[in-house]
Amino acid sequence: MSKFKYLIDGIIKNNPIFVLVLGMCPTLATTTSAVNGMGMGLATTAVLLCSNMVISMLAPVIPSKVRIPCYIVVIAAFVTVVQFVMQAFTPGLYETLGIFIPLIVVNCVVLGRAEAFASKHSVLESGLDGIGIGIGFTLALTCIGLVREVLGNLSVFDNKFSSADGMLVFVLAPGAFIVLGYLMVLFNKLKDRKKRA
Amino acid sequence: MEYLIIIISAVFVNNVVLSQFLGICPFFGVSKKISTAIGMSLALVLVMGLATLVTYLIQNYVLVNTWFGEKIDITFMQTIVFILVIAALVQMVEIILKKINPTLYQALGIFLPLITTNCAVLGAALIVVTKQFSFGGEPHMMNLGESVVYAMSLAVGFGVAIILFAGMREQLALSNVPKAFRGTPIALITAGLLALAFMGFQGIV
Amino acid sequence: MVVVLMLVCLGASAAVAVVYAVTKDPIAAANLAKTNKAIEEVVPSFDNNPSEEILYVAADASKPSETNKVYVAKKDGGIVGYAVESTTTKGFGGAFTIMVGFEPDGKVYNTSVISHAETPGLGAKITDKQSSFITQWQGKNLTDGSVNLNVKKDGGDFDAITASTITSRAFCDAMEIAANVFNNINPENN
Numbered sequence: 028m029s030k031f032k033y034l035i036d037g038i039i040k041n042n043p044i045f046v047l048v049l050g051m052c053p054t055l056a057t058t059t060s061a062v063n064g065m066g067m068g069l070a071t072t073a074v075l076l077c078s079n080m081v082i083s084m085l086a087p088v089i090p091s092k093v094r095i096p097c098y099i100v101v102i103a104a105f106v107t108v109v110q111f112v113m114q115a116f117t118p119g120l121y122e123t124l125g126i127f128i129p130l131i132v133v134n135c136v137v138l139g140r141a142e143a144f145a146s147k148h149s150v151l152e153s154g155l156d157g158i159g160i161g162i163g164f165t166l167a168l169t170c171i172g173l174v175r176e177v178l179g180n181l182s183v184f185d186n187k188f189s190s191a192d193g194m195l196v197f198v199l200a201p202g203a204f205i206v207l208g209y210l211m212v213l214f215n216k217l218k219d220r221k222k223r224a
Numbered sequence: 035m036e037y038l039i040i041i042i043s044a045v046f047v048n049n050v051v052l053s054q055f056l057g058i059c060p061f062f063g064v065s066k067k068i069s070t071a072i073g074m075s076l077a078l079v080l081v082m083g084l085a086t087l088v089t090y091l092i093q094n095y096v097l098v099n100t101w102f103g104e105k106i107d108i109t110f111m112q113t114i115v116f117i118l119v120i121a122a123l124v125q126m127v128e129i130i131l132k133k134i135n136p137t138l139y140q141a142l143g144i145f146l147p148l149i150t151t152n153c154a155v156l157g158a159a160l161i162v163v164t165k166q167f168s169f170g171g172e173p174h175m176m177n178l179g180e181s182v183v184y185a186m187s188l189a190v191g192f193g194v195a196i197i198l199f200a201g202m203r204e205q206l207a208l209s210n211v212p213k214a215f216r217g218t219p220i221a222l223i224t225a226g227l228l229a230l231a232f233m234g235f236q237g238i239v
Numbered sequence: 014m015v016v017v018l019m020l021v022c023l024g025a026s027a028a029v030a031v032v033y034a035v036t037k038d039p040i041a042a043a044n045l046a047k048t049n050k051a052i053e054e055v056v057p058s059f060d061n062n063p064s065e066e067i068l069y070v071a072a073d074a075s076k077p078s079e080t081n082k083v084y085v086a087k088k089d090g091g092i093v094g095y096a097v098e099s100t101t102t103k104g105f106g107g108a109f110t111i112m113v114g115f116e117p118d119g120k121v122y123n124t125s126v127i128s129h130a131e132t133p134g135l136g137a138k139i140t141d142k143q144s145s146f147i148t149q150w151q152g153k154n155l156t157d158g159s160v161n162l163n164v165k166k167d168g169g170d171f172d173a174i175t176a177s178t179i180t181s182r183a184f185c186d187a188m189e190i191a192a193n194v195f196n197n198i199n200p201e202n203n
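Protein chains in written order, with my numbering: chain A, 28 to 224; chain B, 35 to 239; chain C, 14 to 203.
Just chain A, same shape as in the assembly (with noise of 0.2 Å):
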């Protein structure tokens, strides 16, 4: 049951983009509609699950001084293979990603949960928590995707429900900023609320 706290943390109370605001060029970049944010989402997810797992495993044996570099190496390794198997099945994704894709690297999260938690816990724990978190940071894309579509193109996963022009300026690059400070403002609001009650 213990363990299973690490996942859950991941996706509310350690959520990656409203509570430790990391990872955001990706989070307002690739966002513009609710399958791209999930796609992004995935990825990173993917990136998370192995680095932590292969990092945890690794951190006993790694000198201190260089295990920066030693991270950083496992991860642009996961990050490559994934961008590899996305050209390979899913092109049509990895083009609208585009070079979001290999920024997964310096994406702050993976790196963070790589120093943070993947370097003082078990393997089965570092992985449970890269799901978490993978999952967290996926719900928010996606969540901010589905809100930047339905306002701007007046449609849901890709799907328009009315054939009008929507608010353009949220598919937009300003869109993606607005989008998300309300965003959190609400997550800000709904926490704010439980912790009274």
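A hint or two may mislead.
As the list claims (entries may be wrong) - Within a straight-line C-alpha distance of at most 25 Å, the following computed DSS-like cross-link-like pairs (lysine-lysine) qualify: (1) K221(A) x K165(B); (2) K153(C) x K165(B); (3) K213(B) x K222(A); (4) K213(B) x K40(A); (5) K105(B) x K50(C); (6) K165(B) x K165(C); (7) K142(C) x K187(A); (8) K187(A) x K50(C); (9) K187(A) x K40(A); (10) K187(A) x K138(C); (11) K105(B) x K92(A); (12) K132(B) x K216(A); (13) K165(B) x K88(C).
I should point out that these hints are in silico values taken from the structure, not numbers from a laboratory.
Fit chains B and C to the supplied structure of chain A, relying on the hints for placement.
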């Protein structure tokens, strides 16, 4: 003339933070005061110029080259090689700066380690070796000079955005913001409005 | 310390190299499938493999080194259409590339966007295959001088996408390049 187009396009039209979403973390992290924002921007111009210079050379003379009479193309190692080179480069800049110019090191030093995880550095390095640019003429891969100018202009664009943004946040700190908006949310919304303003530059180049 | 770092680097490189070798063919297949799909959309049905019958034709006869790819579609040995790849640099978000399908007499069969960086929701409407902007090109003969290859705002025959005049102009530019390429296809090559 072409360099002028590159500079305007990278600084204003395709602003690295506000329209390409690279380097968002430091954009929010070190924009509370104008003075730190200036320090970060200067350090970034230096590192992005150097990093792109080195990664460009590595891409064109190491990853894709003729070794021992055999043509090889190991572009698939790009991500790993680039991030390692950037990490090492940042360390080197830090050490050299400490030795030859301690005053500048005092001013920029604390920002340097943060730059390794600034995705604008890796982003720029990857963009210049993978994307074709036209800048008014035929689309082509950028040459060394264009690449470095482009990367440094992106960093200047980061500077313009973060210094404007820091100015706004200094004002915001004095105003009465509703409780749920305090901190990151209001900063995000402000950045959104700034991005809206920068959209006015689109279509110029 | 150094040894550990080197071992980690070696291990990582080996892993990446293995995955590269495994996914190399599926990636090539995926890219080929994308080109084939674009060709299928823009020319009448064919039974050969146009990706193996490519002509390289210059749009501007005075610059023979700058060629465009032309995929030849055949059915029962006879040519049913040409799919011309055409890139314009005049888009709002930089260059974009389209595939234009011509019937052998020079009529446009259909068009398809291969890659673009236009604004989502505005210029990006060029990717909407059912939009009136895309369908207005079908059946027009661009090569015999019967139509003016410009948007109506510039005195031409084609409607522009609302609020995306620059993209529409660029699209016309790409169509003009494609038409020039079509005119320069040397019959002897076939």
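Checked hints:
The hinted pair formed by K221(A) and K165(B) fails the criterion: a straight-line CA distance of about 48 Å is larger than 25 Å. Restraint check for K153(C) and K165(B): the C-alpha separation of about 34 Å exceeds 25 Å, so the hint is violated. Restraint check: the Cα-Cα separation between K213(B) and K222(A) comes to about 15 Å, which is no more than 25 Å; the hinted pair holds. A distance of roughly 20 Å separates the Cα atoms of K213(B) and K40(A); the hinted pair therefore holds under the 25 Å criterion.
Among the hinted pairs, K105(B) with K50(C) is inconsistent with the structure: their alpha-carbon atoms are about 32 Å apart, more than 25 Å. With a CA separation close to 33 Å, the supplied pair K165(B) and K165(C) exceeds the 25 Å bound. Taking the CA atoms of K142(C) and K187(A), the gap is near 15 Å; set against the 25 Å cutoff, the hint holds. Taken as a hint, the K187(A) and K50(C) pair is honoured in the structure, with Cα atoms around 24 Å apart against an allowance of 25 Å.
Pair hint K187(A) plus K40(A) does not hold up; C-alpha atoms about 34 Å apart against a cutoff of 25 Å. This hinted pair checks out: K187(A) and K138(C) have alpha carbons roughly 14 Å apart, not beyond 25 Å. For the hint linking K105(B) to K92(A), the alpha-carbon distance of about 37 Å lies beyond 25 Å, and the restraint is violated. Simply put, K132(B) and K216(A) have alpha-carbon atoms about 46 Å apart, too far for the 25 Å limit, and the pair is violated.
Between K165(B) and K88(C), the direct Cα distance comes to roughly 37 Å. Violation of the 25 Å bound is thereby established for this hinted pair.
Hint violations for this structure: numbers 1, 2, 5, 6, 9, 11, 12, 13, all remaining hints satisfied.
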